[in-house]
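Visitor: If you want the building blocks of each chain, they are given just below.
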Amino acid sequence: MMIADAMEDEDKWLAEGIAGIQHNAFYMHRALDSNNLREALKYSAQLLSELRTSRLSPHKYYELYMRAFDELRKLEMFFKEEERHGCSVVDLYELVQHAGNILPRLYLLCTVGSVYIKSKEAPAKDVLKDLVEMCRGVQHPIRGLFLRSYLSQISRDKLPDIGSEYEGDGDTVMDAVEFVLQNFSEMNKLWVRMELQGPARERDKMEKERNELRDLVGKNLHVLSQIEGIDLELYKETVLPRVLEQVVNCKDELAQYYLMDCLIQVFPDEYHLQTLENLLGACPQLQPTVDIKTVLSQLMERLSSYAASSPEVQPEFLQVEAFAKLSSAIGKVIETQGDMPIVGAITLYVSLLTFTLRVHPDRLDYVDQVLGSCVKKLSNKPKLEDSRATKQVVALLSAPLEKYSDIVTSLTLSNYPRVMDHLDSGTNKIMAMVIIQSIMTNQACVSSADKVEVLFELIKGLIKDLEGDSEDELDEEDFNEEQNSVARVIHVLYNDDPEEMLKIICTVRKHIMTGGPKRLPFTVPPLVFSALKLIRQLQNQDGDAGGEEDPATPKKIFQLLNQTIEALSYVPAPELALRLYLQCAEAANDCDLEPVAYEFFTQAFVLYEEEIADSKAQVTAIHLIIGTLQRTNVFGVENRDTLTHKATGYSAKLLKKPDQCRAVYACSHLFWVDDQDGIKDGERVLLCLKRSLRIANAAQQMANVARGSSGPVTLFVEILNKYLYYFEKGNPQITSAAIQGLIELIKTEMQSDTATPDQISDAFFACTLRYIQFQKQKGGAMGDKFNAIKV
Amino acid sequence: MECELIFSVFVDQNYILGAFKPSCNISITLNDAKTRKQVPLKKENGQTAMVPLFQSQETIAGKISVEPVQGKKVEHNGIKIELLGQIEIYFDRGNFYDFTSLVRELDVPGEIYERKTFPFEFSTVEMPYETYNGVNVRLRYVLKVTINRGYAGSITHYQDFVIRNYSPPPSINNSIKMEVGIEDCLHIEFEYNKSKYHLKDVIIGKIYFLLVRIKLKNMDLEIRRRESTGSGANTHVETETLAKFELMDGAPVRGESIPIRLFLSPYELTPTHHNINNKFSVKYYLNLVLVDEEDRRYFKQQEITIYRTAETSS
Chain A
1 MMIADAMEDE DKWLAEGIAG IQHNAFYMHR ALDSNNLREA LKYSAQLLSE LRTSRLSPHK
61 YYELYMRAFD ELRKLEMFFK EEERHGCSVV DLYELVQHAG NILPRLYLLC TVGSVYIKSK
121 EAPAKDVLKD LVEMCRGVQH PIRGLFLRSY LSQISRDKLP DIGSEYEGDG DTVMDAVEFV
181 LQNFSEMNKL WVRMELQGPA RERDKMEKER NELRDLVGKN LHVLSQIEGI DLELYKETVL
241 PRVLEQVVNC KDELAQYYLM DCLIQVFPDE YHLQTLENLL GACPQLQPTV DIKTVLSQLM
301 ERLSSYAASS PEVQPEFLQV EAFAKLSSAI GKVIETQGDM PIVGAITLYV SLLTFTLRVH
361 PDRLDYVDQV LGSCVKKLSN KPKLEDSRAT KQVVALLSAP LEKYSDIVTS LTLSNYPRVM
421 DHLDSGTNKI MAMVIIQSIM TNQACVSSAD KVEVLFELIK GLIKDLEGDS EDELDEEDFN
481 EEQNSVARVI HVLYNDDPEE MLKIICTVRK HIMTGGPKRL PFTVPPLVFS ALKLIRQLQN
541 QDGDAGGEED PATPKKIFQL LNQTIEALSY VPAPELALRL YLQCAEAAND CDLEPVAYEF
601 FTQAFVLYEE EIADSKAQVT AIHLIIGTLQ RTNVFGVENR DTLTHKATGY SAKLLKKPDQ
661 CRAVYACSHL FWVDDQDGIK DGERVLLCLK RSLRIANAAQ QMANVARGSS GPVTLFVEIL
721 NKYLYYFEKG NPQITSAAIQ GLIELIKTEM QSDTATPDQI SDAFFACTLR YIQFQKQKGG
781 AMGDKFNAIK V
Chain B
792 MECELIFSVF VDQNYILGAF KPSCNISITL NDAKTRKQVP LKKENGQTAM VPLFQSQETI
852 AGKISVEPVQ GKKVEHNGIK IELLGQIEIY FDRGNFYDFT SLVRELDVPG EIYERKTFPF
912 EFSTVEMPYE TYNGVNVRLR YVLKVTINRG YAGSITHYQD FVIRNYSPPP SINNSIKMEV
972 GIEDCLHIEF EYNKSKYHLK DVIIGKIYFL LVRIKLKNMD LEIRRRESTG SGANTHVETE
1032 TLAKFELMDG APVRGESIPI RLFLSPYELT PTHHNINNKF SVKYYLNLVL VDEEDRRYFK
1092 QQEITIYRTA ETSS
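Going down the list, the sequences are from chains A and B.
Mapped onto the numbering used here, the consecutive letters of the first sequence carry residue numbers 1 to 791.
Mapped onto the numbering used here, the consecutive letters of the second sequence carry residue numbers 792 to 1105.
These are calculated hints, taken from the structure and not from any lab test.
Where hints are given, some of them may not hold.
Unchecked claim - Pairs of lysine-lysine, DSSO-like flavour, derived with a Cα cap of 27 Å:
1) Lys-991/B / Lys-120/A
2) Lys-12/A / Lys-1008/B
3) Lys-129/A / Lys-1008/B
4) Lys-825/B / Lys-987/B
5) Lys-1091/B / Lys-42/A
6) Lys-205/A / Lys-1091/B
7) Lys-205/A / Lys-1006/B
8) Lys-129/A / Lys-1035/B
From a predicted model like this one, the values you see are computed outputs, not experimental measurements.
Work the whole structure out from these sequences, hints included.
Guide: Structure representation (structure tokens):
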């Protein structure tokens, strides 16, 4: 209510002020029309008296000021034409000073002053100096600011700048600079004073109002930057020190922040670069609450854009040691501003890092140095809990990754992991993911054990449980995602040199072994495959790698793998382990290492026996074993017999009859390898098939007993297919008669009363018959062979 | 620009018997009327008239012309012209005090039938005091023509003129510099560039704020005139503020210095007068006034001397 009233009042006062201006403007225009100087002065002074109000907020005051400003333009036109009023400009300059009230007097003085300079009857510098001095009389912040703003406005095209028509003798630019600097300083003082004068409870309002006025002050810096005559030296020796002095001494947060920002924005980058020391020197002297980080970030942002603008400026950066200066300035700022929240400090480092990366991409030591400073700042502090701070750390750590598409570069930064140590585990993981993603998107290749070591140190948040991790908070989906990422990373760790590669593998192994049961299932497989890849590589180039001393022998690697896979049994993940063993066995087979392969099979069988209890898993496992064994040709008769025997034995012991049946007929392949030198033991094949037939029969009967209907005939059809396969492959033990018999059997089963109609089996059988038909029609030797079968 | 200076178409008449109409016109014409500078002078009736300007040691010469009204004759016991310097103190019931009185007899007793002129001259007259029009006192110079007619009463005619005396610039003219204040509240140092100013001078100076603990609103510089008349127990003092000139708007902080530049020409000032013929004095003061937000006034008054320099032009 109060506020609403206050605003209403203000509108009223503004309206009154405007009316006052309009009223007097009317009479002033009349005086101007009749060239009556005395009246014109009288009414213009009255008009300007409206600006003496203290009741308006800056915003409204500005409105009033603009009205008066327009009128003053007309008055100035009149002053310019001496023949109209018959008073020389010098006399006029005195005449307006007769006004009793200071504000109208000074507005009029500035207006005449403008004409005075234009007339060139006095040097511009003298008039300007007089004006800027006289304006001291207005000490009221808002009125003073607007008055001086008016002065700045009317003088900006009349400065005695080099090349300007008002250029004087001697050190003329200096006069222009002095003038603007003085006006700037005074305006800033007035502006700062607003803060001090308001009562405490109105601070916020005051702050807002002040903010509205800041451009009036900043405008001066803009004017300065437009002065042609300010070269680097003048800027360095005079302009910058003076501006900084004012900024530092005003001890006002808002002003310091705004003016530093302004300074950086209005002057050329080249100047900043060459005066970096002075500019940065001011930073630690600012108030502790000033948002210096934004200021410095802006500066660095600009400088890096400048560096990017042309390659020729690069040496300048080196020459002035831009990095060292920025770095030390940031250090000092952080040191002096003890209250600066940690996020501020880190943000500064991020900016510095970005700067370094853009300006000195070749200087890794700089990057490391920045990270080092950050570590120093973070040390002796608990882990970061401020989410904004951690975000900044992530930004800090991500920056080098983005810059150097080759992750390896980042890995050489010794401080990188130390920074990561300060993240809480959640963020640490996020960061690790960022690193991994960076590796993936850049398809980088990490090719030495040392780097792998560093990399794993960095992503250790994903590799093992860190202290403070609470289990229950983990989201399973995230966890899987993370571990899959780790698995992917393992694949890109690669070196052509087997020895180095082995080292890499060992390193990886060392790390992932610490991962605990939840991670191992994700991380072991890629490691195993990576190792197997190495083995294959070794095998391809064997011969020269024959020395016993050579550590990178397949045998050795297999040993390692054995141990590695064994770890899975503690997880436990027997099925996975089994698969991996089989993979290894196959690889050993390729390497002609019979004992090794045998060992792996043994391990697989042990697992099967002891760990795999689920019947479904057993089925899968046994088929895997069979498949692998079938392809293995390294074994001597004895070993092979042992293994095949085992396999068939386990097959027949599966829980469900159909599973037994299928496993057993699969075992038949163990005795018939369709290779040049493969085993072709037709007899044992037949044995297997017959056995499976028996089992199928049993299954059928069990179905009858249990459900009163026969089971599907699918099993028979499947066996029939096996028969046909071997028949075709020329197994002498498989005769057309046997096939014939089997077909009959199936037909009978299908037509039996109790048979359950089963479309799938029917179709399967029909297809099989059609195949036989097809083979018959093909003619030739095969056709003849098949013709023996009667369908 | 030329103009014939014929003063006074009007004749002071003495109606003692009430039966006489003015019997003649008297006029005074100065010899150098065409070139003599004229200045405005405020008369008793409040109107302003242009009158000739002289300074001390000048010769005042001219002609008196007496012209009887058509068909009448003026009988008289002699005609004289007086140059009077008078001080008139208002509260003293209009008593004139003549500090200068010179007489020239123009005619012996006789009769005048037609217009007659008489030359007169007061050479190198000592007129040390300037014409002054104050609140309680007036110093004036007048030429008085008297046609003495005995029983019929005299016919008199007055012509005012103005005396301005010029001084050379003072050989010693120190600045006024002073530090004043209220303990722990306000300390200022001010400086006026001179202590003696001529009438068209400019006061230049500055005020330096050493300590400000009160909330000031503004600061003015006043020019005050202190006119004292009479002497001893009968002294009357009248103070007028002739100028009120705002020097500062708003509240300064410690360390600020505020410039002063005050042109004296727009104000109606006179030179400082010291004890003119033991009758009156006129002194000038600069009064620096600081006003705080509660409209309390803090001031410091300093006397300045005002003098007149010869005007170079116009």
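Visitor: Okay, which hints does this one fail, numbers in order?
Guide: The structure conflicts with hints 4, 5 and 6, although it agrees with all the remaining ones.
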